[in-house]
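First to last, the sequence lines map onto chains A and B.
Our numbering numbers the first residue of the first sequence as 1 and each following residue consecutively.
Our numbering numbers the first residue of the second sequence as 1 and each following residue consecutively.
Honestly, the hints are just simulated from the structure, not real lab data.
Beta carbons are placed, not taken as given, at the ideal position from N, Cα and C, and that holds for glycine.
Some hints here could point you the wrong way.
Result set (DSSO-like, lysine-lysine): computed pairs, CA atoms no more than 30 Å apart in a straight line [claimed, not checked]:
| no. | chain 1 | residue 1 | chain 2 | residue 2 |
| --- | --- | --- | --- | --- |
| 1 | B | 399 | B | 342 |
| 2 | B | 141 | A | 9 |
| 3 | B | 308 | A | 9 |
| 4 | B | 321 | A | 73 |
| 5 | B | 286 | A | 63 |
| 6 | A | 13 | B | 341 |
| 7 | A | 13 | B | 325 |
| 8 | A | 13 | B | 182 |
| 9 | A | 9 | A | 131 |
| 10 | A | 62 | B | 308 |
| 11 | B | 342 | B | 227 |
| 12 | B | 65 | A | 63 |
| 13 | A | 63 | B | 308 |
| 14 | A | 62 | B | 321 |
| 15 | A | 9 | B | 286 |
| 16 | B | 11 | A | 13 |
| 17 | B | 141 | A | 62 |
| 18 | B | 182 | A | 63 |
| 19 | B | 141 | A | 73 |
| 20 | B | 321 | A | 13 |
| 21 | A | 13 | B | 134 |
| 22 | A | 9 | A | 91 |
| 23 | B | 182 | A | 157 |
| 24 | B | 325 | A | 63 |
| 25 | B | 396 | B | 325 |
| 26 | B | 396 | A | 63 |
| 27 | A | 13 | B | 396 |
| 28 | A | 9 | B | 227 |
| 29 | A | 145 | A | 126 |
| 30 | B | 134 | A | 73 |
Using C-beta positions, here's what the derived DEER-type ranges look like [unchecked claim]:
| no. | chain 1 | residue 1 | chain 2 | residue 2 | range |
| --- | --- | --- | --- | --- | --- |
| 31 | B | 338 | A | 30 | 50 to 58 Å |
| 32 | B | 177 | A | 89 | 37 to 45 Å |
| 33 | B | 122 | A | 107 | 44 to 52 Å |
| 34 | B | 40 | A | 80 | 31 to 39 Å |
| 35 | B | 193 | A | 59 | 47 to 55 Å |
| 36 | A | 73 | B | 328 | 33 to 41 Å |
| 37 | B | 193 | A | 112 | 58 to 66 Å |
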Amino acid sequence: MSQHVISVKVENKFGVLARVAGLFSARGYNIDSLTVSTTEQENVSVMTIVARGDNRVIEQVKKQLNKLIDVIKVTDHSELETIERELALIKVTAPSSKRPEIYQLVEIFNAEIADISHKTMTIGVKGVPGKIENFIELLRPYGIKELLRTGRISLQKL
Amino acid sequence: MKISGAEIIVKSLIKENVEIMFGYPGGVVIPIFHQIFNAPFKFILSSHEQGAIHAADGYARASGKTGVVIATSGPGATNLVTGIATAHMDSIPLVIFTGQVSREMIGNDAFQEVDVTGITRPITKHNYLVQDIKDLARIIKEAFHIASTGRPGPVVIDVPVDISNSQYKFEYPEEIHIRGYKPVYQGHPVQIRRACRLIESAKKPVVYAGGGVVISGAHEELRKFVKKTGIPITTTLLGLGIYPETDPLSLEMLGMHGTYYANQAVFESDLLIAVGARFDDRVTGKISAFIPDAKVIHIDIDPASVSKNVLVDVPIVGDCKNILKEINKIIKAPHIDQWVKKINDLKKSHPLTYENTKGRIKPQYVVEEIYRLTKGDAIICTEVGQNQMWAAQFYKYTKPRTFISSGGLGTMGYGFPAAIGAQLAKPKKKVIDIAGDGSIQMNLQELIVAVQHRLPIIIAILNNGFLGMVRQWQQLFYDKRYSHTCINFAPDFAGVAEAYGAIGITIKEHDEVVPALEKALSVKDRPILLDFHVAKEENVYPMVPAGKSIKDTIMRELA
Ligand SMILES: Cc1ncc(C[n+]2csc(CCOP(=O)(O)OP(=O)(O)O)c2C)c(N)n1
């Protein structure tokens, strides 16, 4: 089992998301993250799908994706040099005694304090997925009340 | 000049040279039927939407053209689902129109509303919900193109009633451009040369060819290839007829109920040349023990079929016909006399056979006599189960598009409506549905369609009083507990046929088989149902027991 980042260029039409997602769900396959984005081209969207599975199954899914009429191109970014970004919003328990430590972390990670209340702070952080994971791990001891990640977007370097 | 959406649909069908449309009316498709009324093509009204779509599928398989179907929203559309899936599994080109509630009602649980594109998404090659009348003509053009090219399949067009009723100018596009859909037809020359080298140096090669050869119309090229190389050939169920089974190099069908020699040859082969076949589990048996020593060449138009079940050494993606043509230009025959001799010995030692008795009629005997009396020139349709396998085994197919059967989905109730479609496509051919007493009940209501159109289709029921294929499994693997497979309370089928205005004959004695068939073959103006009361617990052999290797093909009951 390995993680795959599949970038799917599709016609920007209704129903395409269901077709793409259906290929995964029909095989009992969990999608770790999925983003859909408009692009520089009108009528073209890109879906970035992060999924885990054995290589043969992923190979098959990629071929099936290619067969969809509304899919223009499929690339496996796990095999290429890419630039990846992701955004997370984290609501963490933050009594006043702990706040200085949390501020420090926020600074180190170039994160942003998006909201603050008596008991909590909500922090936004962006970057490569690994950085976000690290940040989350460091915040975990304070007590994470809510966590959301956008899922990654991935762009081929060349 | 503006015309209605309904008229645009009919005009588009005329542009596509549609000869026959199959279907059933209902509320939201009345505007379309209003236009069909005066259309120059034939309309065949079924008794059940499933009958309409299987008929369109049988028409497509017999003619090579695209089948066209229409049904209303809600239950009309859901009644099509089995037929859509059947066509999808066997790569049959269909364009299916379903009515939909008007656009402003969609999502409101309106009367007879179902999410047709949602339901059919995984069982179509593509589907459309028409949301703007401006797109209608282009969508129809695309649908016919997508259904019939590349690896064919069914395409659904869901048409809201207000689209049918609104007005727009009619311009049928001459050309279309779908950037995400560009099937590859030419094989890669490097791959073709690699394949030729492998073939020329093989010691124990076998050709394994399937329905893709039928679709591509590559049977002549395939025959030439076999003639040039002398390589023995086996076909899948859907490939029956692409190579004459009467030829010494034919090993006939392989797989779960394939011949012993086909299965052994494939198992022992050192090179398997797969042409338009997809390594279905009914063919391969236990996949890890399928071809332990063979390299694989796989010629197929669908890249997703390549290396799906079996790892392929030389994939050649493209159209079988083009690729075989290229191969035939350069291929030299391998030295395989020993191998061919060995296979011929296997054929002699393990023939396809059964014990013919003068007592109870043997189902295989009925099929053999059908073959003999039609001189192999009929179109055979089948239901599903033992009847299907005996029809495949004991009738020798020599021409493509003469064996019509639901392979991938195994749909009981397919054969008879498909026979109606086949007979409409080929009015001069004798069309025979080889049926089981279970399956025939699933769409027997379509008999009235055959009577109405005076189609002389023969229904040959191999009536064993059981859901035979399931009973066979229960006998062999479930301690003979025949749980709900005994159906010896069937109606008098001949009487039912007569009630519909067809001819019905019941045959209980061995010696009545031939006269009944002769009588049936002489009828020209109505369907004939022959109810053959056959041996009850006859089994289909050879057989690869489920989960076993094809090398463990058994020839009879194990003690
Ligand atoms: C629609 C559908 N339901 C159930 C099955 C499962 N099934 C496969 S073969 C079979 C028995 C068929 O019985 P019959 O038509 O009498 O044919 P026989 O095997 O006796 O020739 C059944 C129930 C099926 N293939 N299709």
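Among the hints numbered above, which are violated by the structure, and what are their numbers in rising order?
6, 7, 15, 20, 22, 26, 27, 28, 34 and 35
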